[in-house]
Amino acid sequence: MAATGHTGLVAEPMISLRNVSKRFPGARDPAVRDLSLDVAEGETVVLVGPSGCGKTTTMKMINRLIEPSSGSIEVGGRDVLRQDPVQLRRGIGYVIQSIGLLPHRTVFDNIATVPRLERWPRERIGARVRELTEIFSLDEELLPRYPAELSGGQRQRVGVARALAVDPPVMLMDEPFAAVDPIVRVRLQDEFLEIQRRLRKTIVFVTHDIDEAIKMADRIAILNLGAVIEQLGPPEEILREPATDFVRRFVGEERGLKRLALIHVSDIEIEDGPVVAPSDAPEDARKAMARFDTDWVSVVDDGELLGWVDEAALEGKASVGDAEPRRFSAYVTGDSSLRQALDSIVTSRTNVAVVLGEGQRYVGILRLERVSGEIIQ
Amino acid sequence: MIEPRPFWDWGWVFEHLGLIGRQLAEHLVLTFVAVGIGLAISLPLGVLAYRRPRTYPPTTYVTGLLYTIPSLAALSLLVPFTGLSTLTAEIALVSYTLLILVRNIVAGLRGVPEDVKEAAAGMGYGRRQLLWRVELPLALPAIVAGVRIATVTTIGLVTVTALIGKGGLGRLMLGGFRNLFPEVMIPVALALTVLLSLGFDGALLLMERLLSPWTRRRVLRSAA
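Protein chains in written order, with our numbering: chain A, 1 to 377; chain B, 1001 to 1224.
None of these hints come from the bench; they were simulated from the model.
Warning: the hint list may mix true and false statements.
Label pairs and their calculated CB-CB ranges [as the list claims (entries may be wrong)]:
#1 B/V1062 - A/Q189: 51 to 57 Å
#2 A/R23 - B/P1053: 22 to 28 Å
#3 A/R18 - B/R1127: 36 to 42 Å
#4 A/Q189 - B/Y1061: 50 to 56 Å
Since the structure is predicted, the reported quantities are computational estimates derived from the model, not experimental observations.
The C-beta atom is built at its ideal place from N, Cα and C for all residues, glycine as well.
Can you make the complete structure from the sequences, with help from the hints?
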């Protein structure tokens, strides 16, 4: 999960687009119409919209693969139009959907591309390639291979590693995970989020997949034709309050479920639930059930959760501990999303999600009503 | 009555090793120079045609026209200007390589994947770096294929320049035809010409494999 809480206007933005337009010769309508957007340092802004909405054009104007027709673009406080485009691009990481690894260069040489263009000394290049190999959990045995010999996931990792080779502060990523199957995609997304948590690059990320946007973004910009911003804000806000019908349609069904994925269990209030100690009498357990209107109780021994028992198990036992508490099939923790909690609720026999802290410490329970309350809110 | 002469006569071959060697060497030089100059002219033409597609049709038109001129006519037309010289021979030979080479260079460059070029440009390759380090290396297999055809064609055409006193092994053929000893001279020259073609073709193929290992590995992997 990406960090939230950016307002987007902290001090100097790392990337700043001001009234940018792009009109391609012969086209009736501009591809990008008067777009202004700031990206704060360390922030990931995802541009998302239907195909042809101008999101890729917008991104390519930042490293001048496409020249804007009007407006100004600054990266790190410097006007990109006043810089040598080749030099500018070497300072901005660039990943595209098809990756575009150089087929005639080995994996090592591909990762070393920009350091070589920048004439780094040989030892420094070798050290950096190995460092990136480690960061992206690539096997060192892959380094002498050619791109055609790699799997799709490996190629994708090499492509992102290559873009980070000279440690640029800014990254442009155009559907970087779209070319692999869904299972690999999720893994690559998770890995990249993990890496990004440490590196805190400033990222402009383009996708047409709203779920990917929700997952990767600090802020999402939903673009309509002409790269007109329909809504700009954190994913949670866009799911909670779509600003326009376009956004509502684009975000699609299951808006509530998608939003649950963004809220953590620790963000909401947790109920104590029916709890007894193993030494307690069955009568205490029955009272707890009555109080919480359940047919089971949690058994907690000095803060540690042992499991649960129901009415039938207590029959004829001297204490709750004698009833041999059964373990819960699934738990959630404060880091879990409400979507995971919901899954736990609907699949458990007890119809609740049990929340645990460090070392099996019992924290409480979440019921369906509490979670669905968050959807409706 | 004329004694039937032998089809093959090792004695003649050994006595004339010097002559055969000289003609072979001349054949090699004429071929090398023609293909080398042809490549030196075709490369800029091909790159230009690739970058500015509008220049491609006139380029293929002119080189195509040169290609259609019969070699005998080309030599006859040139002799009044450049005489019975190596220059005459080379002008004719070079003009026949251009169409093949330009076409293969353009095809090779156009075959470079769009995404590879975009990623390379996005990483900060300048135009010239992109050409020399990405586009030409990736076009190499197609370019070498063109060089192979041009070389084999030139080796054959060199023999025709015997008419203006050059011709390498062609001179042996012409000599055999005119005089005296066709049964030996022509087979010797023919065999050497064919061997030369096969040898060059093989050597160029080997060179391409060595220079573009990425294509070879892929073949090996997909076969495995």
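(request) Could you tell me whether the CB distance from A/R23 to B/P1053 stays inside 22 to 28 Å? (result) Roughly 23 Å apart at Cβ, these two residues keep to the hinted range, so it holds.
(message) Quick check: does the Cβ-Cβ distance between A/Q189 and B/Y1061 fall within 50 to 56 Å?
(response) The hint (50 to 56 Å, Cβ to Cβ) holds, given that A/Q189 and B/Y1061 are roughly 53 Å apart.
(request) For the range 51 to 57 Å, tell me whether the beta carbons of B/V1062 and A/Q189 fit it or not. (result) holds, 55 Å
(request) Indicate whether the distance between the beta carbons of A/R18 and B/R1127 respects the range 36 to 42 Å. (result) violated, 29 Å
Hint check: a violation occurs at hint 3 only; the rest are consistent with the structure.
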